[in-house]
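Enquirer: Here is what each chain is made of, one letter per residue.
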Amino acid sequence: MRYLPLTDTDRSEMLARIGADSIDDLFVDVPEIARLDGPIRDLPMHASEMAVERHMKALAAKNLAAEGRPFFLGAGAYRHHIPASVDHIIQRGEFLTAYTPYQPEIAQGTLQMLFEFQTQVARLYGCAVANASLYDGSTACWEAVAMATRVTKKKRAVLSGALHPHYSEVVRTMAKFTGDIIADARPAIQAEPDIAGLTSRIDEDTACVVVQYPDILGRVSDLSAIADAAHEKGALLVVVNTEPVALGAIRAPGDMGADIVVGEGQSIGVGLNFGGPYLGLFAVRDPKHVRQMPGRLCGETTDAEGKRGFVLTLSTREQHIRREKATSNICTNSGLCALAFSVHMTLLGEKGLRELAAENHRLACKAADRLAQVPGVTVLNNAFFNEFTLMLDGRPARDVVRALADRGVLGGVSLGRLYPGVEALQQALLVAVTETTTDADIETLATELEALVKEAVQ
Amino acid sequence: MRYLPLTDTDRSEMLARIGADSIDDLFVDVPEIARLDGPIRDLPMHASEMAVERHMKALAAKNLAAEGRPFFLGAGAYRHHIPASVDHIIQRGEFLTAYTPYQPEIAQGTLQMLFEFQTQVARLYGCAVANASLYDGSTACWEAVAMATRVTKKKRAVLSGALHPHYSEVVRTMAKFTGDIIADARPAIQAEPDIAGLTSRIDEDTACVVVQYPDILGRVSDLSAIADAAHEKGALLVVVNTEPVALGAIRAPGDMGADIVVGEGQSIGVGLNFGGPYLGLFAVRDPKHVRQMPGRLCGETTDAEGKRGFVLTLSTREQHIRREKATSNICTNSGLCALAFSVHMTLLGEKGLRELAAENHRLACKAADRLAQVPGVTVLNNAFFNEFTLMLDGRPARDVVRALADRGVLGGVSLGRLYPGVEALQQALLVAVTETTTDADIETLATELEALVKEAVQ
Amino acid sequence: LEEPLLFEIGHSDVTGVDLPEVDAGALTRLGGLERSEPIGLVGLTEPETVRHYTRLSRQNYGIDLGFFPLGSCTMKHNPRLNEKVARLPGFADIHPLAPQQSVQGALEVIDQLGNWLCKLTGMPAVAMSPKAGAHGELCGILAIRAAHEARGDAREVVLVPESAHGTNPATAAFANYRVEDIPATPEGRVDLEALKARLGPDVAGVMITNPNTCGLFEKDFREIADAVHEAGGYVYCDGANFNAIVGKVRPGDLGVDAMHINLHKTFSTPHGGGGPGSGPVVFSEALAPFAPLPFVRAEEDGSFTLVEEEEREESRGESFGRMTAFHGQMGMFTRALTYMLSHGADGLKQVAEDAVLNANYILRCMEDVLHAPFAESGPCMHEALFGDRQFENGLSTLDLAKGLIDEGYHPMTVYFPLVVHGAMLVEPTETESKAAIDEFITAFRSLAERARAGDESLKKAPYYAPRRRLDETAAARKPRLNWTEE
Amino acid sequence: LEEPLLFEIGHSDVTGVDLPEVDAGALTRLGGLERSEPIGLVGLTEPETVRHYTRLSRQNYGIDLGFFPLGSCTMKHNPRLNEKVARLPGFADIHPLAPQQSVQGALEVIDQLGNWLCKLTGMPAVAMSPKAGAHGELCGILAIRAAHEARGDAREVVLVPESAHGTNPATAAFANYRVEDIPATPEGRVDLEALKARLGPDVAGVMITNPNTCGLFEKDFREIADAVHEAGGYVYCDGANFNAIVGKVRPGDLGVDAMHINLHKTFSTPHGGGGPGSGPVVFSEALAPFAPLPFVRAEEDGSFTLVEEEEREESRGESFGRMTAFHGQMGMFTRALTYMLSHGADGLKQVAEDAVLNANYILRCMEDVLHAPFAESGPCMHEALFGDRQFENGLSTLDLAKGLIDEGYHPMTVYFPLVVHGAMLVEPTETESKAAIDEFITAFRSLAERARAGDESLKKAPYYAPRRRLDETAAARKPRLNWTEE
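Chains A, B, C and D, in that order, give the protein sequences. If you read the first sequence in this note's numbering, its first letter stands for residue 1, the second for the next number, and so on. If you read the second sequence in this note's numbering, its first letter stands for residue 1001, the second for the next number, and so on. If you read the third sequence in this note's numbering, its first letter stands for residue 2001, the second for the next number, and so on. If you read the fourth sequence in this note's numbering, its first letter stands for residue 3001, the second for the next number, and so on.
No lab work stands behind these hints, which were simulated from the structure alone. For glycine and all other residues, C-beta sits at the position ideal for the given N, C-alpha and C. Careful, some of the hints might be misleading.
As the list claims (entries may be wrong) - Covered stretches of chain D (chain A as the covering partner; in silico rule of three or more C-beta atoms under 8 Å from a C-beta of chain A): (1) 3006-3018; (2) 3045-3058; (3) 3078-3087.
Go ahead and model the full structure; you've got the sequences and the hints to work with.
Expert: Okay, structure coming up:
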C-alpha cells in the first residue's frame, strides 16, 4: 500500500486520541444493511507497481498507435508533433497537483498562465475575450448555443449541415431537455458549402446560426455573408473550429463577423488520447457579452502592496456563487490542457504557427494531388486547409477504412461512420494531413487505396 | 534554431555596443590557417524536433529492448523495476539543470540529498563514511586500489580471480602507468571460491586485496578470513559489490572486516542504459581514512543564522584546490544517478530492500532448480544471491547466447565473452534473475536451452 | 523571482520550433481566405519557454509541496505510475475515430474501468463519457428526465439540500428543472420528514451528496431513497465524497439511481490547476436504458465494440443521446484504472478508512479551539467542518485561511457549505502521514487561538506568499481579461 | 519551506513499494550469510517521497530558473527532446553485455556521435568510453604515455599553464608525470618563448586549454604545437571550452594530438547537480593506435562491431587498455547526438558565435565598473574575466558573488583562474537572450559599484536565499558526513 503513509501504530494512536475502539466505530452511521464485511468481492487485491505496469502495457500493446505508420485520421482530432518541453512543463508538480486557483496568493503560476492563454485564444480567434477553457469543442459548441439563447432571449438555433455530426448530436441531445429548438441538416456533397441554403433558414426567431470553419468536409469559405444574414435577423453567428492550426493560415472567425467562436484546442499541445481529455475554447467578439459567458475567467488586478497579480473573476456568473442562476454548471474544466496549449503556442509564436499552418497545407495539397490520380478516387473540395473529402467509386468508405487498417494503414475517417444510414455519404472518406505525414505515407495510402478501389470496381 | 534566443536585431545591437563590425571580428585571434569559411562540411544542417526524434527512434528501434522478453543478463549490470516517481524527481529542473553545489546557499537540495545518500550507502555497506559518488563501480575499484597504496605506502595489489574481469582490466590498465603492481588471476570453475589460494598470495608488500562479493560467478562466501589475513600483513581489504540489492539479504562487507567497500550502484534507481551513466559507490569502514578518500564529500554545518545546512567539505583533498597533490583527478561524478539511487532507496527503505532481495533470491533459486533439470546443464554454485553460473555440455556458451538472441531470448552472459581465449571458461554461462523475471521467462529459457544443448550434443 | 508576462518578453518573429520557412506560394487552395493581418501572437525559444513556465510554476502550491486540506476537493497524492501509463503511445497516440479493430486495448480499458466502478458502487451500469463531475451530474439528471419522459411523466422539480455543491442546482436548472431546497436537521443531515412531506407527483428526483458536505454520512439515505422511489422519483447521489466510503459502502445498497464519480478525486487523477476531470456515472437498472452514447460493449468472443448512433436502435434504444464528441476522458481512465489495480479491493477499503481516520483525528484535535458545529452528530467522514463563530475583532474565516498560507499550507475550503457561518471544511485525505497532520494541527490550533484572541495582524496575511491579498473587487469591477499593450 | 532529513521522517517498517512479504524460508542458498542485523535504512511511502524531494529541489537553483553564468562550466539550456530520447526503451533498457546482434542501433549511435566529434574537431579518431572530462584527460595522457613507451621513450614531465583547471595537473600526476608550470604573458596567454625554452627530451607533452581559462584564444597554439612536436612531445588540449569555437575552428587544424570533449558542456547534456558527464577524446593519427578499448567499428556490410579485448591484437594492438567496465555514457551519447542533429553544422557554428557575442557584450558593458585584466588582449571568447582589485573596505569577489544570489542569479565562477586576483569568470552561453543578459548586467553593475564603494552590507549576503553564509571551516574541522541519531 505504497500510497498510504499511516502505519498500524499511527492508526492505533489516532483512534485512541479520537476515543474510538476500532475504525468501524467511525462508520457507525452507515446503516447495517450497507455494511460490508470485507473487501469487495470479485476484484483483485493490491498489486506492485511492476505488476500494474505490465497489465497496462499489455492493454496498450493491443492498440495500433499512430506513430510510425501512415495515419490520415482527422474529423475533429488531429495528430501534430508536440515539442518535448510541453510535456516536461505540464508534469511540474506545482502545475500538475494544484487545485483550481481559488487562493490566488499561492496560485499565480496557474493564473498568469491562464491570463496568457486567454490572450492567445482571443487573438487566434479574432475576438475580444476568451475564457479559461471548457471540456472540449463539442460541449463548448453547446455552451455557445445556450449562451446565444440567453443573449437573444430566443430559442431557435440553426445548425449548418456541415457542422461535425457529433457536435450537432450533442447540441440536439442537450436541447431536447432545455426546450430549445434545433434546426439542423446533413452536409450536401458538393465542392462548395451551400451558404444561400443556410442563410435562408435564418428567421426572426433564430437565436444563432452555427457553422464550422473549416467544415466537416474540410471546406473553407468566407463567413461574412452568413454573419450579415444572422445579424440582420438579430441572431448571433457561432463559429466552430476544430483545427486551430488552420487559423495560422486562414482568416480569423472574429474578423468575419462571428459573435461567438468556439473550438477544439486539442491540435495544439494536447495529443490524440483516444478522444480525451481535450480542450474547449470559447471566445466572444464583443466584450459586452462577457457576463453571459460560461466557464472561468482570469483577470488582472493588484495586491495589497500594489503588485500586479491575477485572480479568477466575474465568478458571479458561476455555479459556486449563483447556483441555479449560473451561466453554466461547469466547475472542473481543462486547466492542464490549457497549459499544454499555451506552452505549445508560446513555442510556436506567430512565426511558428504560420509556418506550421503552411506546412500542413502544403502537404495536404500534395496528398490531394497524389490521391486524385488514383483511378476511382475524386477529391471533392475546391478549397481546404489540411483535410479534404475523397469520393470513392464503388465501395463504401467504411469498408475501405477497415481494409486499410488490416494493412496497418490508418487511412481516414469514413463519413459512413459519422452519418450511419445516410446513403449519399457512404462513399466519402475524410483525409487529414499534417506536418507529421511523410511523402512515403502519402504514397502508401495512394497505393493501397488504388488496390482496394480497383478490387471493388472489378 | 530553437535553442538560440538572440535575434538578428539583437546581434547587430550587441556588435555595435562591443564596437565590432561583424561576428568574425571577435574571432580575430584565430590563426588564419584555422578559420573556416562556413559550416563544417559533410555534416547535416539543423533539423526540426520532429525530424530528429524520428531519426533517433529509428536507431532505438534497431535494439532489442529487455522489456517484455526473457532477459537473464547480469555480470555487473542488473535489470530491476524502477518506480515511476524516481524518474519524475530526477527530471525536476532544479535537480537536472543545477551545477555541482559549490554555492551551498542555493544548492541545499542537492547537498541534503547527498548527505542522505552518503548515509544510505555507508549503512548499506556497513561502513563509517561514504562519498558522494564516483563514475561507476570499475573506476571506484581502481580508486580504492590507489587509495590503499596511499594509505599503506605499498604498491602491490592482489586481485581475486573472481573479480569482474572488466574491473581487473581497468585496475591493470591504470596500474601500468602508476607503477603499481597488480597480481591477478582467472576464476577457478568450482562451487566455492578459493579463499586459501587468495590469502596465500598476500605478502608484506601487499597494499590491498580486492575481492568481489557476490563474485563474478555469483558465489557468496564469508570474507572474514580474507580480512584477517590481509590485516595481518598490514594490507587493506577492498570489497567490490556489483549488485547492491544483494546487501538486503547478505551480510555487509564492512561487518566482515572490509576496509574499503566500493561498488556499482546501478541496480538501485539507475537502469541499464547500455552501460552508462552508472554510479560508483565508495565507502570506508574506518573514519580515520576519510582524508585519503577520492571524490566529493558532503558535510553538515550551520549558516550565519545558526540554521543547519550542508556543504561540500574536505575539499583540500580535491583537484580544484590541491591540483597535482589531490587524492583523485575527479571533478564531475554521478550526481543525478546518486539522486536516483537515493530516491529509489528511500522508496524501498529497510523493509522494501529486504523484500526485494528476498524476492530476487527466491526467483533465482526457482530458476536454478528449473535449469538444473535441463539435460546437459549443471548449476555450478552452492550459494548465490540472484546470479549463478551454468555449465553447458558440448557447446560454447557464447554461441548459445547468440542463438538464444536470434530467438528473442536474452539468456545470460557467457564467460567466453568476458575471458576470451580461456578455454576452461568457454562452457560457462552467467544467469541473473531479478524481480522482473517471470515464471514464463524461466520456462522459456529452460526450453530453448534444452533445444540448443541437445542440438550441440547430437 | 518575478516573471513578466509572455507578451512582454516574446516576439512575433521568435519561435521555439524549427519549421520550414513559409513559402507564400504554397498556400494555394485556401479559397482566398489567406490570413493577411498579424494574429498578434508572440513566441519564445525553448530555453526561454522552459524558464518562463518553470518560474511561473514556482508561484503555485501543489500537493507535491505540502498538505492541501481543501474540503470536498480530495487533494490526494497523484501516483507517478499513472502519469507514465497514460503516456504510453498505445493509449496517448490513438485517434478517437480509429477503426475499432485497431483500438481493442483502449476499449478494454474502458470496459475494465467500468467494471470496477460498477462493482465498487454495487450498480449495474455505467456511462463513461462525462467529462467531469458537473458533466456527470448532467448525465444523471438527463437520464432521470429521459426516464420520466419515456413514460410521459413531465415532472418539474428537483429537490436539493441547502448544503449541496453549487453544481447540483446549476445542473438541475440547466436541464430545465425547478430547484427546491431540502431543509437540514440541526445535526447537519437531510430532514427526512420534511423531505417526505415535499415529495409528490411533480418531483422528478432528489440530488443528495453522501457523505454530505458537512462531512457526515446521511444515516437515513436508504429511507430517503425508498420514499423518493415510492413517490415516483429518482435518487441522484453526488459522488464527490465517494473517497470516504470507497470499498466500505456500496451506494447501490442504499437505493441510488445515479451517481457520478470524480476520477480526479477518489481515484487520484491529478487536478491540474483546474482540470481535466472525468465524471463517469453509475446507474441503477431503472435508469440504465437511458444512459448516453457511445458506450463499450464486451462481446462474447472477447472483443469489444464501441456502440455509437448507428446501433442506437438495437442496443440502447432509449439512450438520451450523446453528451460529448467522443467517448470520454481516456487519459483519466488509464490513470484511474492504474490506481485501482495498484490499491486493489483491499487497498481501496484502506483508503476510505485512513481518510476518515485522518479527518476524525483533526476534528477531535481541534474542537476545543475552533467551533465545530456538528462535532456531536457522530463521527465525521473524510472531512471535518468548523465555523468562525468564536473569532474576535471582526476576524473571519478568510483571515485564518490566509494565515495558513504563511504557515506553509494551502487553506481549507472556506465559506462552504453555506449552512455554517464562516465554514471551514478540512479534508486531509488518506495520503497524508500522521506527522504531516500533527504539524498541521499545531499550526491550525495556533491560528485558531490567534483568531479567538482577535490578533489583527491576521487581517493582512499572507505575508510570505508570492502575493499579498489580491483585490478581487477591482478585478470584477473593471475586468482586464487579456493582455493589451499599455 | 524547511525540509527535515530523510532519517528524521522515515521509518524502518515503511516502504513505498509493494513487494511480497519476506518469507525467511525462501532465503535458502545464501551460504549462511543471511543478514541478521538491521541495515539502518528508512523508507517513505510514495506521497512522502515525492514531497520530500520536491521540497528539496526547491532549495536548488538551476538553469531552468534563471541565468547561471558559471565560467568554464557552460551552463546552457538542456533541451527536453534529449531527455525524451535518452529514455526510449531501445536505448535505456538494453544491457551493456547484450549480444551485439541485438544492439546494433546502440553501436550505430556511438559510431554516429564519434563521427560528429571527429568532423567537428578535424581529428581522425575518437575514444568514447571516458566517463567525464577528467576521465577524458586521463585517457589522453595515458595515450601519450603509451605512445612514448611504445618507442621506449620514458619521459617524465608534463607542462601545464598556471591558469589550467585543477584536473590537468591532477591527471598528469595520477599518470605518474611530474607537473611543471608554463608561465603566462601579461596579456593572459601562454608564453611561447618560455615554453619553447623548457621543451626537451624529458617533456612528454603539454596540456593547454584553448580557449584558455582567461577566456582568450591561444593565438600561438599552432606554433606551440609545432614546437612541442619538434621536441618529440604531444599536445593535449583541454576541451572544456570547446563551446566557444565549435563549428568555427577545428582543433585538429591547430596541431592537437588529443582533446577531450565535455558532452555535458558543449553538447548540452545536463549537469545534474554534479554529473554524470561524458568525456570522449579525439586523437591525432599519432595517438590513435593507443586509444582505449572497447570501441565501435563500422563494418562494410553496414553492421557495427564492438571491439573488445578479444580482438585487441588484430584491431588495435597498441591500445593502452580499458578505462571503465563498459563502453561509456550511452545516456549522454543519445542526448548529445540528438543535440547535434538538432543544431546541425550551421546551428553549431551559430552556437559558438552567440556564446562569444554574449560574453564580449558583458565584457564591454562591465569594463568601466569592474577590473577586467585582459580587456585589452583582444576579444574574449565565450567567457569574460574580471578581478576584485578595485573593491574597497575589504570586500572581495566572494561578497559580490553572494550578492548576486540576492539579485536572483547564480554567481559566476570565483577565484579561478588563479592568475587573477579575486577572479570572476562569467560565461553567459548562447542560450541566454539579450533581455536576460541586459538584466544581469544591470544587477552586476550595481553590485560592482557597491563593492567599489565599500558597501559593507554585501559582506553578509545572501539575505534572501534558503540559507545565509554557511560555515565551511567548521564543516571541515569536525566533519559530520552522515546522519546519526543525536
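Enquirer: Hint by hint, say whether it matches the structure.
Expert: We went through each hint and held it up to the structure:
1. 3006-3018: Answer holds; 7 residues pass the 8 Å Cβ test.
2. 3045-3058: holds (count 6)
3. 3078-3087: holds (count 5)
Taken one by one, the earlier hints all hold for this structure without exception.
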